[in-house]
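Note that the protein sequences, when read in sequence, are chains A and B. Take 1 as the starting number for the first sequence in my numbering and just add one per residue. Take 1 as the starting number for the second sequence in my numbering and just add one per residue.
For the record, the hints were derived by calculation from the structure and aren't laboratory data. None of the values given here were measured: they were computed from a predicted structure. Any given hint could be a false lead.
Here are the simulated lysine-lysine pairs, DSBU-like style, with alpha carbons at most 35 angstroms apart [claimed, not checked]:
no., chain 1, residue 1, chain 2, residue 2
1, A, Lys97, B, Lys135
2, B, Lys79, A, Lys248
3, A, Lys248, A, Lys473
4, B, Lys79, A, Lys215
5, A, Lys20, B, Lys135
6, A, Lys167, B, Lys152
7, B, Lys132, A, Lys20
8, B, Lys132, A, Lys97
9, B, Lys132, A, Lys110
10, B, Lys79, A, Lys167
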Amino acid sequence: MYRYDQYDQAIVDARVAEFKDQVGRRLRNEITEDQFKPLRLMNGLYLQLHAYMLRVAIPYGTLSGTQMRMLAHIARTYDRDYGHFTTRQNIQYNWIKLEQFSDLLDDLSKVEMHAFQTSGNCIRNISSDQFAGAAADEIADPRPYAELLRQWSTLHPEFSFLPRKFKIAVIASDSDRAAIQLHDIGLQLYRNAAGMLGFRVYVGGGMGRTPIIGKVVREFIPVGQFLSYSEAILRVYNRHGRRDNIYKARIKILVTELGIEEFTRQVEAEWATLEPLGLDAPQAEYDRIIAQFADPAYEIGAPDTIDLSDPDFKLWVDQNVHAHKQPGYAIATISLKPKSGIPGDASSAQMDVIADLADKYAHDEIRVTHSQNLVLAHVKKADLYAMWQALAAADLATPNLDLVTDIIACPGMDYCTLANARSIPIAQKIAAKFENSISEQRDIGELKIKVSGCINGCGHHHAGHIGILGVDKKGEEAYQLLLGGSGAEDASLAKILGPGFDENGIIDAVDKLIAFYRSARSAPTERFLDTYRRLGAAPFKEAVYA
Amino acid sequence: MRDNQDQIAVSGAPSPALDDTPARLRFRDDAPFESPIAPLADFLAGGNFAAVRIEPGEDAHELVPHFDRLKLVEIAFPKFRDGRGYSSAAVLRQAGFTGEIRAAGDVLVDQIGFMRRVGFDSFAPNKPLDPKVVKATLDRYPYVYMKAADGKVPVWALRHG
Chain A
1 MYRYDQYDQA IVDARVAEFK DQVGRRLRNE ITEDQFKPLR LMNGLYLQLH AYMLRVAIPY
61 GTLSGTQMRM LAHIARTYDR DYGHFTTRQN IQYNWIKLEQ FSDLLDDLSK VEMHAFQTSG
121 NCIRNISSDQ FAGAAADEIA DPRPYAELLR QWSTLHPEFS FLPRKFKIAV IASDSDRAAI
181 QLHDIGLQLY RNAAGMLGFR VYVGGGMGRT PIIGKVVREF IPVGQFLSYS EAILRVYNRH
241 GRRDNIYKAR IKILVTELGI EEFTRQVEAE WATLEPLGLD APQAEYDRII AQFADPAYEI
301 GAPDTIDLSD PDFKLWVDQN VHAHKQPGYA IATISLKPKS GIPGDASSAQ MDVIADLADK
361 YAHDEIRVTH SQNLVLAHVK KADLYAMWQA LAAADLATPN LDLVTDIIAC PGMDYCTLAN
421 ARSIPIAQKI AAKFENSISE QRDIGELKIK VSGCINGCGH HHAGHIGILG VDKKGEEAYQ
481 LLLGGSGAED ASLAKILGPG FDENGIIDAV DKLIAFYRSA RSAPTERFLD TYRRLGAAPF
541 KEAVYA
Chain B
1 MRDNQDQIAV SGAPSPALDD TPARLRFRDD APFESPIAPL ADFLAGGNFA AVRIEPGEDA
61 HELVPHFDRL KLVEIAFPKF RDGRGYSSAA VLRQAGFTGE IRAAGDVLVD QIGFMRRVGF
121 DSFAPNKPLD PKVVKATLDR YPYVYMKAAD GKVPVWALRH G
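Construct all of the structure, not just a fragment, from the sequences and the given hints.
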């Protein structure tokens with residue numbers, strides 16, 4: 001994985017010093033809270049319901065064991081002994097004290113970490129495929145390009161006061177594990193007919209209050225020019241994105257209002273002036289970064305079979321382990337959705353266990369997924385059983401990846417100032433109905449339930465096979481039910497099924513939906529989403545409301 | 001005061017009056033330019049002006065044919081959160097403008113590092129800036145990641161000399 005050189009470290013150190021200076025000026029009242037707010041947001045610091053919340057950047061979701069241990073240390077030292085992994089592959093701490101913040105930043109910078117641009121109206125942390133570098137189906141590792149974007153977008157002087165936040169995701173396979181069509185810019189690496197590497201560029205996707213699937217602004221931009229092309233997109237957005245209404249300020253609204261043809265014309269015209277300026281990094285820099293994402297030292301000839309005689313282990317392998325490009329290796333996903341758990345939460349002790357296991361079995365590398373789980377991407381098949389036993393001892397071996405209890409939920413009204421309703425208890429109550437029977441969950445099959453506590457959609461309800469949206473109904477928490485969304489390569493937006501429910505009502509409704517699906521599917525292999533797509537909403541609606 | 005997370009309103013309040021006094025901070029060696037500054041429409045209408053002011057929604061590209069008669073472009077920042085002026089300055093420098101580009105209005109010390117990078121070389125903030133903080137701010141970063149109008153060498157070039 002990428003390691004800082006002297007330049008990266010010097011920039012992070014300067015940024016930390018700058019923010020400490022800004023905090024000092026705020027405490028001395030030299031700047032107003034209104035002036036300070038965007039500065040602290042650009043450093044990941046929010047003021048939430050109960051305390052400051054800090055969002056730490058995990059670039060493209062990859063971190064080392066050493067970095068994970070530091071995240072554990074921060075949970076223990078500055079928070080209430082846990083952290084929350086987010087749908088953008090970052091981690092949030094919910095109980096931060098401002099007076100300890102500068103020590104915390106120093107601790108992070110010791111392990112090449114920070115909280116820059118994890119909030120605010122700027123280019124946010126770049127996200128990517130959690131199986132990058134290991135997936136059997138990828139063209140190349142997408143993370144070097146995500147790292148190039150990270151550097152290009154860090155403290156970008158022209159794009160630090162954008163109309164609204166800006167999210168970029170990069171993948172390199174036809175399977176989309178990063179929801180690129182639901183990002184402001186989505187980049188898919190592929191080889192064109194001439195064998196050149198480049199990106200298909202999607203623009204204007206997003207969830208939130210106005211969910212839109214991204215459109216292709218360019219079918220192919222060579223990898224050597226994608227930074228200047230991104231600059232052109234951002235310049236068109238910075239100049240023309242709406243600033244009169246925060247709910248219409250994302251690039252998706254600009255693309256919609258201009259139309260993709262006119263938007264594309266403007267981007268191409270801007271790029272024609274930018275491309276000759278030499279904004280793109282040279283090949284030597286690509287090579288330097290790509291070299292840092294070289295394959296780990298695989299053991300050649302490692303046994304390519306797994307002893308599945310322990311039935312509990314077999315369940316976990318069947319559900320949570322994916323094929324690796326290297327014979328003898330596998331990709332293991334650690335579910336952060338245990339029984340009665342809070343989706344995405346991990347204790348400091350669990351983080352330490354994961355760091356140790358990464359060190360021992362997985363080339364010291366950990367990934368965060370947008371589904372709020374963790375991945376050990378390079379594990380020898382021969383080591384899987386021992387690793388699984390250690391995970392199980394730390395309540396980290398729930399074999400429920402992509403099943404009904406693997407629910408995405410935002411923090412909701414338990415933490416967030418924006419929320420209209422609680423999300424976590426809804427996820428827990430749905431999970432409670434199924435969590436005692438993995439075989440029943442497996443019979444139901446892949447089912448992505450996503451819960452947001454407000455219309456901003458941090459819980460990705462628009463992309464849920466079943467989406468649940470918390471709303472405020474005359475002072476009471478209420479829940480809308482949506483069906484048919486997908487954040488994968490077959491991206492689609494979930495649609496509201498009918499009238500909303502109270503807390504118990506939404507739990508019952510999900511139950512009825514699942515029962516109906518099991519009776520209506522054409523075969524046990526037909527997923528919930530596929531049954532919905534085949535039959536349409538009407539019979540599901542009848543099952544719930546009749 | 002609770003946040004509405006990062007959902008900051010970016011418009012709505014009336015623009016404060018812009019200050020027409022000479023720049024309070026200037027990073028140029030030539031003499032300060034003191035004559036009237038025309039609104040963009042008046043300038044484009046052909047008045048005999050050597051200085052023009054661009055508001056956030058206006059298009060800096062329209063000035064490109066007139067660089068030979070322009071000494072100063074003042075770019076208005078009615079609210080510091082409205083970042084359109086950064087692109088206006090970048091567009092002008094990219095098109096070869098070498099005259100003065102002034103940021104005027106709600107210009108704060110924590111912005112001027114970015115502003116210097118995109119090509120501003122003078123500043124007329126509504127509230128005076130503390131010169132010590134300005135200096136500390138501008139001296140803060142030893143390196144930059146990306147090219148911009150200030151000609152600083154990005155780290156990728158330093159890495160590969």
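Verification of the hints:
In summary, the hint linking Lys97 (chain A) to Lys135 (chain B) is supported, as the alpha carbons are separated by about 30 angstroms, within the 35 angstroms threshold. For a cut-off of 35 angstroms, the pair hint linking Lys79 (chain B) to Lys248 (chain A) stands: about 18 angstroms separates their Cα positions. This hinted pair checks out: Lys248 (chain A) and Lys473 (chain A) have alpha carbons roughly 24 angstroms apart, not beyond 35 angstroms. Taking the CA atoms of Lys79 (chain B) and Lys215 (chain A), the gap is near 32 angstroms; set against the 35 angstroms cutoff, the hint holds.
With a CA separation close to 16 angstroms, the supplied pair Lys20 (chain A) and Lys135 (chain B) stays within the 35 angstroms bound. Proposed proximity of Lys167 (chain A) and Lys152 (chain B) is supported: the alpha carbons are some 27 angstroms apart, at most 35 angstroms. Distance restraint check for Lys132 (chain B) and Lys20 (chain A): the Cα-Cα separation of roughly 16 angstroms lies within the 35 angstroms cut-off, and the hinted pair is therefore satisfied. Between the alpha carbons of Lys132 (chain B) and Lys97 (chain A) the distance comes to roughly 29 angstroms, so the proposed pair stays at or under 35 angstroms and holds.
For the hint pairing Lys132 (chain B) with Lys110 (chain A), the CA-to-CA distance comes to about 29 angstroms; that is within 35 angstroms, so the pair holds. Annotation: proposed proximity of Lys79 (chain B) to Lys167 (chain A) holds, straight-line Cα distance about 24 angstroms (limit 35 angstroms).
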